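Asker: Chain by chain, the residues:
There are 2 protein chains.
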Amino acid sequence: MTKQRFGVTSGSNLRCRGWRQEGLLRLLENVLSVGEDPANLVVYAALGKAARDWPSHDAIVHALTTMGDDETLIVQSGKPIGVVKTHERAPVVIMANCNMVGQWAKAEEFYRLEKKGLICWGGLTAGDWQYIGSQGVIQGTYEIFRRIAERHFDGDLTGRLILTSGLGGMGGAQPLAGRLAGAIILCVEVDEARIARRIDSGYLQHHATSLDDAMRLVEAARAAGNASSIGLCGNAADIFPEILARGIVPDIVTDQTSAHDLIYGYVPTGLSLGEVKALRQSDPEALSRLSLASIARHVQAMLDFRAAGSVVFDNGNLIRTQAKTAGIEHAFDIPIFTEAYLRPLFARGIGPFRWIALSNDERDLRRIDEYLLKTFADNPSVVNWITLARQHIPIEGMPARIAWLGHGDRTKVGLDVNRMVREGILSGPVAFTRDHLDAGAMAHPNIMTENLKDGSDAIADWPLLNAMLACSSQADLVAIHSGGGGYAGYMTSAGVTTIADGSSEADERLRLTLTNDTSLGVMRYADAGYGEAVEEIERSRIPYINLAGHGG
Amino acid sequence: MTKQRFGVTSGSNLRCRGWRQEGLLRLLENVLSVGEDPANLVVYAALGKAARDWPSHDAIVHALTTMGDDETLIVQSGKPIGVVKTHERAPVVIMANCNMVGQWAKAEEFYRLEKKGLICWGGLTAGDWQYIGSQGVIQGTYEIFRRIAERHFDGDLTGRLILTSGLGGMGGAQPLAGRLAGAIILCVEVDEARIARRIDSGYLQHHATSLDDAMRLVEAARAAGNASSIGLCGNAADIFPEILARGIVPDIVTDQTSAHDLIYGYVPTGLSLGEVKALRQSDPEALSRLSLASIARHVQAMLDFRAAGSVVFDNGNLIRTQAKTAGIEHAFDIPIFTEAYLRPLFARGIGPFRWIALSNDERDLRRIDEYLLKTFADNPSVVNWITLARQHIPIEGMPARIAWLGHGDRTKVGLDVNRMVREGILSGPVAFTRDHLDAGAMAHPNIMTENLKDGSDAIADWPLLNAMLACSSQADLVAIHSGGGGYAGYMTSAGVTTIADGSSEADERLRLTLTNDTSLGVMRYADAGYGEAVEEIERSRIPYINLAGHGG
Ligand SMILES: NC(=O)c1ccc[n+]([C@@H]2O[C@H](COP(=O)([O-])OP(=O)(O)OC[C@H]3O[C@@H](n4cnc5c(N)ncnc54)[C@H](O)[C@@H]3O)[C@@H](O)[C@H]2O)c1
Ligand SMILES: NC(=O)c1ccc[n+]([C@@H]2O[C@H](COP(=O)([O-])OP(=O)(O)OC[C@H]3O[C@@H](n4cnc5c(N)ncnc54)[C@H](O)[C@@H]3O)[C@@H](O)[C@H]2O)c1
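Line order of the protein sequences matches chains A and B. Letter 379 of the first sequence, counting from 1, is numbered 379 in the UniProt record's numbering, and no numbers are missing. Letter 438 of the second sequence, counting from 1, is numbered 438 in the UniProt record's numbering, and no numbers are missing.
Please keep in mind that the hints were generated in silico from the structure rather than gathered at the bench. Be careful, since some hints might not be right.
Said to hold, decoys possible - Here are the simulated lysine to aspartate or glutamate pairs, EDC-like style, with alpha carbons at most 20 angstroms apart:
no. : chain 1 : residue 1 : chain 2 : residue 2
1   : A       : 116       : B       : 454
2   : B       : 85        : A       : 507
3   : A       : 116       : B       : 450
4   : B       : 324       : B       : 108
5   : B       : 453       : A       : 114
6   : B       : 85        : A       : 505
7   : A       : 277       : A       : 37
As the list claims (entries may be wrong) - If the Cβ cut is set under 7 angstroms, some of the chain B residues that face chain A in the computed set are:
no. : residue
8   : 82
9   : 458
10  : 465
11  : 473
12  : 492
13  : 547
Source: prediction; values computed, not measured. All residues carry an ideal CB built from backbone N, CA and C; glycine is no exception.
Okay, chain A solo, but in the shape it has when bound (with noise of 0.2 angstroms):
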């Protein structure tokens, strides 16, 4: 049985006792409204899931809708398990999702697990109900070309060329960001079917034909000092060698198809979507070589055009990872996007932080908006984001807004908005909540946290205690998720949503929350050497037992 439509709940109506409760059912129906295959639960990455499987979704809606205030409802791999009485001060809904034992976290023993039902992937935010849609990366994609136009390109990217490719949940924020950043952005994607869809929901503009057509494209933005976005239908190890061969250097290359899932992820050349399905089923392994060739060849472009100039960078697929055992030697040559661009940021928890107005009302976010601008005048990355999403960011699903906030001002966003909330200022409550890409969150050492000074890449210690912190701060939702499929065994990630419902419990649930969920972060930092995490230390006070000077 299988849900046909997928809706999101508007109003204040409440199905369930609370906000609380109400809030994270309109989440779960919000990741599926803007996902990329809600009947099959799938939200996006190929395989992130918002539940296991049907009866396990409508079990944990009926949890939801009866449970009380002083009640806990546990999720194992997106399958509701019991709802437990707890106390007002815990979360409502507690999850692990994919987590094995190390020696066991692989792909193999993922798909064996998931084929016998007794797991499933949860993505980063699909699992935990916080995705909103393409969005959520776009503005990390955007940070990442504007630092690349300061570093190299005497901060303009006027005329210049960015290469990538998938157009998928994530990957197809990237033409919007590229854009947005002042670049003509040319985007290769297999899927005809994903290209259509970016440019009706605006987040593409043009699709080119055939490569030529592609560059005529890129040749008349230049010549207008436009910036641009481009897609072309094709697969992106032909297509970057084909490039490679016409002497063409973008100024920018990087990748987004979902390498990281040789099986459900990656599409080999040679072949059409219609024979990967069936691949799929009927020799998986093969279908794993066939992508690992391929991904050889699309990678060795990559280094091609590094070598010919371009900044290349790989950003957060794995597909270095997955590279190298193709045997291509150099593959980590290609700098990951973190180290390179955005650790300072994760240093001082600055990082992907998020709000959804559960109202389902535009003006809501609006509102929300004017307030930042307002309150962060002074600060020219937040007053830009914010005026080019407001202008350019289509709405997809609830309502939602990403802004890279850090420790401090996100707990003064949080209580602000709660009481804009109490104030009837807004209509109805908002949820706050973040990407699990961020710096107390997540161990990701071919992502994430990849070359640390202190080597410490590979403790997963973080993110759970990221977690188990939450759990103590009054967070509604706390989810504790490892890597799936191709990710299997490379991550350990840490969600987190609170619900700002108005009331003064939630003034209490938001300040320890979103105080102490960046507070881990930047002690995370600085216990790793990282200077910009000792300096916010000193400036917000935050209590980190410094050893440094005792040789511990």
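Given chain A, work out where chain B with the ligands should sit, using these hints.
Answerer: For chain B with the ligands alone, kept in the frame of chain A given last:
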């Protein structure tokens, strides 16, 4: 700077702001006072430590003695990171010890990180200050022997010979457990000093000078119809084959050397302890190879005993896994103790529950013993165990008791004891905790969760949920541990401690913590398809969401 004396604190003087903090501080002192090598912070199992290093230890003590009741101390692999404001129903301490991202969770990476001072292994109960000396495992070992007696020897082990090895922190419980179970037990231990130590503590009776002497002692006990425990200095990899060669077939054979760790644990044959110590530094890889080769001989002898008719089982030290690596194809023919003997108990939430009298007053322990004998008068296994324990188990460190109790019973004991504290029947507060080897608390596919009915052996969501739930249920200390050393990548578990200080708040803390802890354990087994668990859910109305009927 190393501490030199390791005592415990008595009486009702508080060094902290309340008993929750004071109790945890006393437990920290206690694990060192009963630990194997406290000067190096090692509590048991070769590397299981109470804190990362001495500066960390001192900073933990400082934090516990100064923090308020609405604050939480964060500990990452034995190092205190910060004390943050939470609230009065949040844990005093949260910790994550030795967790590594799956693909990196290997012994070599652990040693690399350990050497850099970035991580430390907490064992199960060392890092979270729950260890209570050899007594901790004694009932577990006793229960296994009793179960073997019932299944294979008409319930009577009189005159039966148990052969085992390893008299370390945990293994040292074997001679006493074997004797309490009525058997003659021969323990092979390579380190003379360990034998002496177990004799001093009253856990072991005889020190044989040779195998001939040992066998004479066995025969004498058999002739007299006595239970008996005999220690023999030697290497199991030599002595086991020698016993076999003499045509002696023990009734029961097991092992509790630190086989999980090829460098710091197992001692290979042919080397003196001094030579092993030197090799750890000079050539750890050579040492690993030698250990593996010895383990192969050791396990081959165990398999040969099995073929000759002995009841042989693995007692949870990964010796089969190592032997398999060393080429012993059939190592896993030896069953693991959990599956063979304890699973029906775990499925009902029955497991190694324990309490510690924080007053350090033995009379408190006696009073709780008496309460148990009265309250559980109709439960022969409790009565039998408490009676034996009172008579035979020497007190190590603070007075503590272990008893295998299940869902409901644990909550009852917790609440009754808290009342006894409140009414002054006991002279001070009592800490409640349990081993990590408990129903919902551990994923350990080669030990705890081997061969589960549904195949969910490697899923680690459960211990993570267990920890999150404990944080949400007002536990005082919550820990997530993963394996270090040779256990790296093999397990994840959760620890929880709650202090009964006689207050009504403690009533709530104990009710929620103890009830939810066993509830989750039973749900885990119900989810895996165990009938005992489904029965317990019905009997105790555990709020499990049963999707079985819906194909979930
Ligand atoms: N920066 C980050 O930390 C971050 C954030 C989110 C997602 N990701 C990763 O980015 C990747 C993309 O995520 P998503 O949610 O967009 O995944 P998705 O599965 O929704 O989309 C992937 C897209 O790539 C296309 N594709 C696959 N193989 C291709 C090929 N050879 N050539 C051209 N197109 C191809 C697919 O058709 C699909 O549209 C994933 O690996 C994801 O885990 C990274
Ligand atoms: N049943 C369980 O679940 C459970 C509980 C606790 C410990 N364990 C495991 O049991 C093992 C023992 O734990 P411990 O705390 O006693 O460890 P320990 O390191 O304190 O003691 C191990 C003992 O084995 C001896 N030894 C080593 N190699 C030997 C050999 N070849 N022959 C004879 N003796 C040898 C050592 O001298 C030492 O005394 C560990 O692997 C531990 O992880 C299992």
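Asker: Could you run down the list of hints and mark each one as holding or not?
Answerer: Hint by hint, here is what the structure shows:
With a C-alpha separation of about 9 angstroms, the suggested pairing of residue 116 of chain A with residue 454 of chain B holds against the 20 angstroms cut-off. Under the criterion of a C-alpha separation no larger than 20 angstroms, the hint pairing residue 85 of chain B with residue 507 of chain A is consistent with the structure, at around 14 angstroms. Among the hinted pairs, residue 116 of chain A with residue 450 of chain B is consistent with the structure: their alpha-carbon atoms are about 17 angstroms apart, no more than 20 angstroms. Simply put, residue 324 of chain B and residue 108 of chain B have alpha-carbon atoms about 19 angstroms apart, close enough for the 20 angstroms limit, and the pair holds.
Taking the CA atoms of residue 453 of chain B and residue 114 of chain A, the gap is near 16 angstroms; set against the 20 angstroms cutoff, the hint holds. Distance hint between residue 85 of chain B and residue 505 of chain A is fulfilled; the C-alpha atoms sit about 16 angstroms from each other, no more than 20 angstroms. At most 20 angstroms may separate the alpha-carbon atoms for a hinted pair to count; residue 277 of chain A and residue 37 of chain A meet this at roughly 15 angstroms. Contact between residue 82 of chain B and chain A, as hinted, is supported at the beta carbon level, the nearest pair being about 5 angstroms apart and thus within 7 angstroms.
Hint on residue 458 of chain B holds. Least Cβ distance to chain A is approximately 4 angstroms, under the 7 angstroms limit. Residue-level restraint check for residue 465 of chain B holds (minimum Cβ-Cβ distance to chain A is 5 angstroms; threshold 7 angstroms). Interface hint at residue 473 of chain B: satisfied, since its Cβ lies 6 angstroms from the closest Cβ of chain A, which is below the 7 angstroms cut-off. For residue 492 of chain B, the suggested interface contact is upheld, since its CB lies about 6 angstroms from the closest CB of chain A, less than 7 angstroms.
Of the supplied interface hints, the one on residue 547 of chain B holds, with its beta-carbon coming within about 5 angstroms of a beta-carbon of chain A, less than 7 angstroms.
Going through the hint list in order, the structure satisfies each hint without exception.
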